[in-house]
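Okay, here's what each chain looks like letter by letter:
Number of protein chains: 2
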Amino acid sequence: MSDSDFKYTVLSGGVGGAKLVLGLHKILAPEQLSVVVNTGDDFEHLGLPICPDIDTLIYTLAGTVNPTTGWGLNNESWYFMEALKQLGGATWFSLGDRDLATHIRRRDLLVKGQTLSEATLTLLREFHVHTPIIPMSNTPVRTKIKTNSETLDFQDYFVRLKAEPAVTEIIYAGNDQAAGSPDALAALQANKLGAIILTPSNPWLSIDPILSLSDIKSTITNSTVPVVGISPIVSGKAIKGPTAKLMRELGMDVSAYSIAEHYKGILDGLIIDQQDADQCDAIRALGLQVSTTNTIMNSLDDKKALAEFTLAFARQIHTGNMDSSS
Amino acid sequence: MSDSDFKYTVLSGGVGGAKLVLGLHKILAPEQLSVVVNTGDDFEHLGLPICPDIDTLIYTLAGTVNPTTGWGLNNESWYFMEALKQLGGATWFSLGDRDLATHIRRRDLLVKGQTLSEATLTLLREFHVHTPIIPMSNTPVRTKIKTNSETLDFQDYFVRLKAEPAVTEIIYAGNDQAAGSPDALAALQANKLGAIILTPSNPWLSIDPILSLSDIKSTITNSTVPVVGISPIVSGKAIKGPTAKLMRELGMDVSAYSIAEHYKGILDGLIIDQQDADQCDAIRALGLQVSTTNTIMNSLDDKKALAEFTLAFARQIHTGNMDSSS
Chain P
7 MSDSDFKYTV LSGGVGGAKL VLGLHKILAP EQLSVVVNTG DDFEHLGLPI
57 CPDIDTLIYT LAGTVNPTTG WGLNNESWYF MEALKQLGGA TWFSLGDRDL
107 ATHIRRRDLL VKGQTLSEAT LTLLREFHVH TPIIPMSNTP VRTKIKTNSE
157 TLDFQDYFVR LKAEPAVTEI IYAGNDQAAG SPDALAALQA NKLGAIILTP
207 SNPWLSIDPI LSLSDIKSTI TNSTVPVVGI SPIVSGKAIK GPTAKLMREL
257 GMDVSAYSIA EHYKGILDGL IIDQQDADQC DAIRALGLQV STTNTIMNSL
307 DDKKALAEFT LAFARQIHTG NMDSSS
Chain A
7 MSDSDFKYTV LSGGVGGAKL VLGLHKILAP EQLSVVVNTG DDFEHLGLPI
57 CPDIDTLIYT LAGTVNPTTG WGLNNESWYF MEALKQLGGA TWFSLGDRDL
107 ATHIRRRDLL VKGQTLSEAT LTLLREFHVH TPIIPMSNTP VRTKIKTNSE
157 TLDFQDYFVR LKAEPAVTEI IYAGNDQAAG SPDALAALQA NKLGAIILTP
207 SNPWLSIDPI LSLSDIKSTI TNSTVPVVGI SPIVSGKAIK GPTAKLMREL
257 GMDVSAYSIA EHYKGILDGL IIDQQDADQC DAIRALGLQV STTNTIMNSL
307 DDKKALAEFT LAFARQIHTG NMDSSS
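In the order they appear, the protein sequences are chains P and A. So for the first sequence, the numbering used here puts the first residue at 7; every next one is plus one. So for the second sequence, the numbering used here puts the first residue at 7; every next one is plus one.
Read the hints as simulated data drawn from the structure, not as lab findings. Treat the hints with caution; some may be incorrect.
You can't tell identical chains apart in this list, so a pair holds if it fits in one copy or across any two.
With a cut-off of at most 25 Å between alpha-carbon atoms, the simulated PhoX-like pairs for lysine-lysine come out as follows [to be verified]: (1) 118 with 150; (2) 91 with 243; (3) 32 with 270; (4) 118 with 91; (5) 32 with 118.
Please work from the sequences and hints to get the whole structure.
Following this line, the structure appears as structure tokens:
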């Protein structure tokens, strides 16, 4: 089977994951790539269904994302937000004039009876993106952040409070009643699947909500294809966002090893940054295969290089599996 | 009682009525003027509660209305609408970026439990307008347009179809279950009320929806204060909009006399344009008092002059009533 026959299904959150997804998108044909996306960050705001991670992926693959922030639209205007501020409306969550159209359009599609999966496919078509972006579930699952004093809605914690409160526990409300979306489960069991890839999104805030769905998790753990991940921790620091702070608050060492430990039982192999090569043996001792490269994705070339490296690593695990089973 | 002690309650639709309301607003103190507004044009669009006539009045009195159209905001931008168009969303009803904030804000206030009256007062405060703009009802009443072949929602007829279909009948759906808003009824029965004024809005599309509420109508017909109106028909033509076309379709002569005939039993007096002075006797024969002046309001001075004239006409009717009852 040639390389171009394989399909790859990726689990992703927003900004961090979207970098690798863009790299894969650039080196694979549209029919080779499916992206299962965290919807634990979704919320209704000002009457609009907001899906931050889905939109970040759509905008990234459409080439219309704001390159500075990694989320929202490029060349965005903020006249709505200014007017709402003058009226005393809630402005803690930024909604650009063009971005609003996405939320209003999604609302309209959902009201007309489309599932979130269907509405996302419609939006993808309207943004001329051919890679399927698949919500993890068509049922709401909502990430909630527990602190010593209260339980916060995710966006309250993440955006309004700038991820400042110390986290004691994270829950994925509704996950026990929710099923994985049929499209997500199908993508994880596709014919000619070459690998399942966990992007270097925040494991607790972006990937675990997806894995909190028992059918998705068991489909992954029962899969015979390589499951590979990339550590979001490099040299004891997070590439971006609150991952390192969160790990400390949850009592972990901020290290690639901790990521390996967290994903033990899910991953066959973990890619860690070359700066963390000294942790390879310890990670192998957990039963994971490990490989090192540059995992910091600043340029598009970095993204494509890490995507290529990830596919090669998966192939290598696949071949190893074949060898050991033969 | 001096002139400045009197209060005036005005019935108004959107653009046409707002011209006279602005004139009254400029010559009266805020506590002297209340405006009861047609909500028959209101509709939910893209999940937003749109109140075209209320917003036209708010924007007009706030000095932020688009002076060219008479509706919408001045210096508006349309980035949302452009983006929605690219996504294939409904763009037949124009929603500017800043205008959207008004609808989103109203939705939020309604969701939080405010009545439409309360939400409108909140918006007025946020727009720094001190004149009460009062929805005719807190319950939906929806103007529907019957044609030979179908029944159209008002905005479908008025905006999407540009008022082109021939009208056979107009209904005010829900009017038999709806009550006038408490604030509207209070304004029509205020102490020291000097007059009830029907603006030269379209009688069938803007004023009749208000009069279709039985408690509002009986409060007006039972009122002892002068009820005066201004004809929207001048020299056989409508100043603006589909009034003349509609009158023809409903089988009427397009004349100030027809307006007088329509409002017989409601009005004590009608102001008609000086160009229609030849109709005064016929109108008096209907039992209405009548007076002529320039009723075409192009400039702010025109608006103030017609407002002054209207108040003087009401005073004259009031004095006449006093004389005849003494």
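Checked hints:
1. When the C-alpha separation of residue 118 and residue 150 is checked against a cutoff of 25 Å, the pair qualifies only between copies, where the shortest distance is 23 Å, while the shortest distance within a copy is 29 Å.
2. With identical chains, the CA atoms of residue 91 and residue 243 are never at most 25 Å apart, being 36 Å at best within one copy and 43 Å at best between copies.
3. Within a single copy, residue 32 and residue 270 get their C-alpha atoms no closer than 30 Å, and across copies no closer than 74 Å, so neither meets the 25 Å cut-off.
4. In this assembly of identical chains, the alpha carbons of residue 118 and residue 91 lie at most 25 Å apart only when taken from different copies (18 Å versus 31 Å within one copy).
5. Proximity of residue 32 to residue 118 under the C-alpha cut-off of 25 Å is found in neither arrangement, the shortest distances being 34 Å within a copy and 46 Å between copies.
Checked against the numbered hints given earlier, the structure breaks hints 2, 3, 5 and satisfies all the rest.
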